[in-house]
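Q: One-letter residues, chain by chain:
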Amino acid sequence: MVGITSYGAYIPLHRLSREEFFRAWGGLALPGERAVANFDEDSVTMATEAAIDCMKGIDPKTVDGLFFATTTSPYREKQCSTIISVALDLGREIRTADFTGSLRAGTIAIASAMDAINAGAAKSIMITAADLRLGAPAGDFEQALGDGGAALLLGEKGVIATIEGSYSISDDFSGVWRSDADTFVRTWEDRMVLDEGYSAVLPEAISGLMKKYNLAPGDFAKVVYDAPTDIRRHPRVAGGLKFDAAQLQDSLFMTVGNTGAALAMMMLVAALEEAKPGDRILFASYGNGADAFVLQVTPEIEKVRDRRGIKNHLASKRVLANYETYVRWRGLITLEAARRPDRSPTSIAGLWRDRRIILGLWGVKCKVCGTPQYAQGAGLGGSTPLRVCVNCQAKDQFEDYRFTDKKAEIFTFTQDNLADTVDPPATITVVDFEGGGRAVFDMTDRDPAEVKVGMPVEMTFRKLYFDRGVHNYFWKTRPLRC
Amino acid sequence: MAESIKNKVAIVGMGCTKFGELWDKSASDLIVEAAYEAYEDAGIEPKDVQAAWFGTLYEFSGMAGLGLTVPLRLQYKPVTRVENMCATGSDALRNACYAVAAGVYDIVLALGVEKLKDQGISGLGMGAFASTGVSPTITAPGMFAMMATKYFARYGLSPDEGKRMLALIPVRSHHNGALNPKAHYQREITIEQVLAAPIVAWPLGIFDCCGMSDGSAAAIVVRAEDAKKFRPDPVYVKALQMCVGPGEGQISTDYDYTHVEETYRAGLAAYAEAGITDPRKEVSMAEVHDCFSITEATIMEDLQFSPRGRVKEDLEAGTFTLEGDLPVQPDGGLKCFGHPIGASGLRMMYEMYLQLQGKAGPRQIKNPQLGLTHNMGGQPSSCTVSCLIVGL
Numbered sequence: 001m002v003g004i005t006s007y008g009a010y011i012p013l014h015r016l017s018r019e020e021f022f023r024a025w026g027g028l029a030l031p032g033e034r035a036v037a038n039f040d041e042d043s044v045t046m047a048t049e050a051a052i053d054c055m056k057g058i059d060p061k062t063v064d065g066l067f068f069a070t071t072t073s074p075y076r077e078k079q080c081s082t083i084i085s086v087a088l089d090l091g092r093e094i095r096t097a098d099f100t101g102s103l104r105a106g107t108i109a110i111a112s113a114m115d116a117i118n119a120g121a122a123k124s125i126m127i128t129a130a131d132l133r134l135g136a137p138a139g140d141f142e143q144a145l146g147d148g149g150a151a152l153l154l155g156e157k158g159v160i161a162t163i164e165g166s167y168s169i170s171d172d173f174s175g176v177w178r179s180d181a182d183t184f185v186r187t188w189e190d191r192m193v194l195d196e197g198y199s200a201v202l203p204e205a206i207s208g209l210m211k212k213y214n215l216a217p218g219d220f221a222k223v224v225y226d227a228p229t230d231i232r233r234h235p236r237v238a239g240g241l242k243f244d245a246a247q248l249q250d251s252l253f254m255t256v257g258n259t260g261a262a263l264a265m266m267m268l269v270a271a272l273e274e275a276k277p278g279d280r281i282l283f284a285s286y287g288n289g290a291d292a293f294v295l296q297v298t299p300e301i302e303k304v305r306d307r308r309g310i311k312n313h314l315a316s317k318r319v320l321a322n323y324e325t326y327v328r329w330r331g332l333i334t335l336e337a338a339r340r341p342d343r344s345p346t347s348i349a350g351l352w353r354d355r356r357i358i359l360g361l362w363g364v365k366c367k368v369c370g371t372p373q374y375a376q377g378a379g380l381g382g383s384t385p386l387r388v389c390v391n392c393q394a395k396d397q398f399e400d401y402r403f404t405d406k407k408a409e410i411f412t413f414t415q416d417n418l419a420d421t422v423d424p425p426a427t428i429t430v431v432d433f434e435g436g437g438r439a440v441f442d443m444t445d446r447d448p449a450e451v452k453v454g455m456p457v458e459m460t461f462r463k464l465y466f467d468r469g470v471h472n473y474f475w476k477t478r479p480l481r482c
Numbered sequence: 483m484a485e486s487i488k489n490k491v492a493i494v495g496m497g498c499t500k501f502g503e504l505w506d507k508s509a510s511d512l513i514v515e516a517a518y519e520a521y522e523d524a525g526i527e528p529k530d531v532q533a534a535w536f537g538t539l540y541e542f543s544g545m546a547g548l549g550l551t552v553p554l555r556l557q558y559k560p561v562t563r564v565e566n567m568c569a570t571g572s573d574a575l576r577n578a579c580y581a582v583a584a585g586v587y588d589i590v591l592a593l594g595v596e597k598l599k600d601q602g603i604s605g606l607g608m609g610a611f612a613s614t615g616v617s618p619t620i621t622a623p624g625m626f627a628m629m630a631t632k633y634f635a636r637y638g639l640s641p642d643e644g645k646r647m648l649a650l651i652p653v654r655s656h657h658n659g660a661l662n663p664k665a666h667y668q669r670e671i672t673i674e675q676v677l678a679a680p681i682v683a684w685p686l687g688i689f690d691c692c693g694m695s696d697g698s699a700a701a702i703v704v705r706a707e708d709a710k711k712f713r714p715d716p717v718y719v720k721a722l723q724m725c726v727g728p729g730e731g732q733i734s735t736d737y738d739y740t741h742v743e744e745t746y747r748a749g750l751a752a753y754a755e756a757g758i759t760d761p762r763k764e765v766s767m768a769e770v771h772d773c774f775s776i777t778e779a780t781i782m783e784d785l786q787f788s789p790r791g792r793v794k795e796d797l798e799a800g801t802f803t804l805e806g807d808l809p810v811q812p813d814g815g816l817k818c819f820g821h822p823i824g825a826s827g828l829r830m831m832y833e834m835y836l837q838l839q840g841k842a843g844p845r846q847i848k849n850p851q852l853g854l855t856h857n858m859g860g861q862p863s864s865c866t867v868s869c870l871i872v873g874l
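Heads up: the sequence lines are chains U and L, in that order.
Every letter in the first sequence is one number past the one before it in our numbering, and letter 44, counting from 1, is 44.
Every position in the second sequence, counted from 1, becomes a number in our numbering once 482 is added.
Looking at chain U on its own, in the form it has when it is part of the complex (with noise of 0.2 Å):
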């Protein structure tokens, strides 16, 4: 049977404290604090470092199809999920489709990918969901929103969780939405919006799940569903059906804040962390609509365990020091611009070109030396793609050899104040890797009075720069996250 054969989650390091937004604007402070994706993240990057971890022992080759859901792609014209494919190294033979639009994208796809595998068109497919919502400046949506993402691998062997059934409602309904036009959220009058929309349609959307699979209340271990932005409905929903408050699956608010179509999916992966074998588990989610699930924990799950998902993700934290760091990042203000050139444009050949090197890190091992390798683009005075041998000058006699997952430790850095970026300084490192092979990164996620030669950094996926339409993604060094 279908089901849940993996999971991986990804919260950004930085955490604001909704009191900042008081501090800014006045008004009503929320409690608790939320998630805030660094300037180099985006849906994309976070949607990659969730199926990262989700990946975590997992052979690419067997993964044939990658689903992402988002309500915030960083293309209306250009599928994303292909671009995550590429920096998982899955195959080219692929499903990959973009689910988007609503904020319940992530059940969408779980449900299109268990279709596709009950109808035997794919074995295994990934579906990773993260969203960057920007709610406007002082307003309960800025408080309430927070990024991050959660991934989900869906097959037949090894099933984690099986998915026992399913039932969705369809339901139009601008309560709330962007237009093609928009940049921030916008809301119906808050009431209306949740008496007709949420506290109505996910009510009917799980009493209609339980009643089509004869189930009660009772026959569940967790209720996990995810929480509008008045996060007081959250528990309202769950006391109308008559679950246990005991049951009902925190909804990440306190701690990360609503990450739109990853939520539900986040939440659910906190639920698979802590399940037993043989927990059932009801899994729902909202949005012009509503998916219901009913999942059976197997024994297989403890199979699972070593991912960093949302436990280890939320203890790995640092609150930012200010709300104008978040603006800043988010870029919603005008900033005086660098005094520095304007860059090249970017080549759309190039990058095709370079898109395993780009986008999957991958460099070569020389067959003569066995040295690894790693090509870095012309702007650092290299060359792509490697044809000779930087050590024994062998031409053309290499195999493939990927960076990603490989640990490096710095060789040398600065803290550069004159380079043209969001959070100065660029901190720029040389890094050796474990294995061999040295290449320059920018450092994200650092603070930069603890950078150090010998400092044991990873590989994280990040947005490099946007420019005249592209957005260019490339890999960062970060310190050891958790």
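Treat each hint with caution, since some may be false.
Quick list of the computed label-pair ranges, beta carbon to beta carbon [unchecked claim]:
| # | chain 1 | residue 1 | chain 2 | residue 2 | range |
| --- | --- | --- | --- | --- | --- |
| 1 | L | Thr672 | U | Tyr75 | 50 to 56 Å |
| 2 | U | Asp467 | L | Arg705 | 50 to 56 Å |
| 3 | L | Pro789 | U | Gln79 | 56 to 62 Å |
| 4 | L | Asp506 | U | Arg318 | 47 to 53 Å |
| 5 | U | Phe466 | L | Asp807 | 42 to 48 Å |
| 6 | L | Trp505 | U | Ala338 | 20 to 26 Å |
| 7 | L | Arg636 | U | Arg232 | 57 to 63 Å |
Quick caveat, the hints were computed from the structure, so don't treat them as lab data.
The beta-carbon is built from N, C-alpha and C at its ideal position, and this holds for glycine as well.
We have chain U already, so just place chain L on it with the hints.
A: Frame of chain U; chain L shown alone:
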């Protein structure tokens, strides 16, 4: 059988503009000033120039041979534009020398120019590389700062000790620059000012970084046997060496980031060509590529002026001051004379030329015999280095 360039060609005229933020001058102004000063110094007319090599890094300073012929209205001559990053000026001169040595020209011009200050930016642009642009967000100071970080770590210097050692370099350069009316910066500074300056790219502060300047410099090159027809004190070329690395430093874990292999090898080759066996004793003076203080520090070791890891002792002993055993940057160097990229290599040669002729005024070194210029383009891990030696 390949032969040495030693004593085959000579420089009989040089010109150099004042360097600086020359807001009221264009690249054309600078080219004309440097070229005509060189013509006059050599005692030749523009029509005597048979061929030219024109050095610029940036297209806004001049592209192709036309960048030179149009401002000078040079009449239908062969002109090659030379670009080799920050080592462009030396390479223009090198090519000019080889053409004369080949016997195909009698009188040629090498001229370098850069009009950096028309860009309105801080620091140096990274060049319009045709590429994906997907590479770290680093600047030139950052690239060299990483060498300082590693040098401190390798030799056990605390950041304060390391910065204090490096500070001796710009303090010396500012002293020399203050004696040079053509220098961009002509004010003395103190170690305390260097240490208190804002950080550009840690650990390098503002005074660890060279000037970004406008300027031009030019040389007239003739066959050695003809040289004395032009002037009694020509300067003879003893070595013209260049070393371009394979760019392995940022790829290979073998590179130590505390030296520049290209400098070491260019130095070895230049010493061999000039017949120098003890550089520290035989080289009278040097103008080296002090784009950053750490660059000069490591060049002293790579050129074998100081033992590896021990340049600190020579810096503290004043070895490289005007009064020291081996004066370095007598004109203030890139730090204070300034660094209009395409002109810098020729500017270095201009100072060696003046010093050898005894025309360096208050900064004159006593009785110099051999002068060395070291001109570097790129970054420590991946660069081109020219090492030229001239003498009487």
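Q: All hints are to be evaluated individually against the structure, with a verdict given for each.
A: So, going through the hints one by one against the coordinates:
As the Cβ distance of Thr672/L to Tyr75/U is approximately 55 Å, the hint placing it in 50 to 56 Å holds. Hint check: Asp467/U to Arg705/L, Cβ distance near 52 Å, so the stated range 50 to 56 Å holds. Distance hint check: the CB atoms of Pro789/L and Gln79/U are about 59 Å apart, consistent with the given range 56 to 62 Å. Roughly 50 Å separates the CB atoms of Asp506/L and Arg318/U, a value that falls within the hinted 47 to 53 Å.
For Phe466/U and Asp807/L, the Cβ-Cβ distance of about 55 Å falls outside the hinted range of 42 to 48 Å, so the restraint is violated. Here the CB-CB span from Trp505/L to Ala338/U is close to 22 Å, well matched to the stated 20 to 26 Å. Our hint of 57 to 63 Å for Arg636/L and Arg232/U holds, since their Cβ atoms are close to 60 Å apart.
Of the numbered hints stated above, the single one contradicted by the structure is hint 5.
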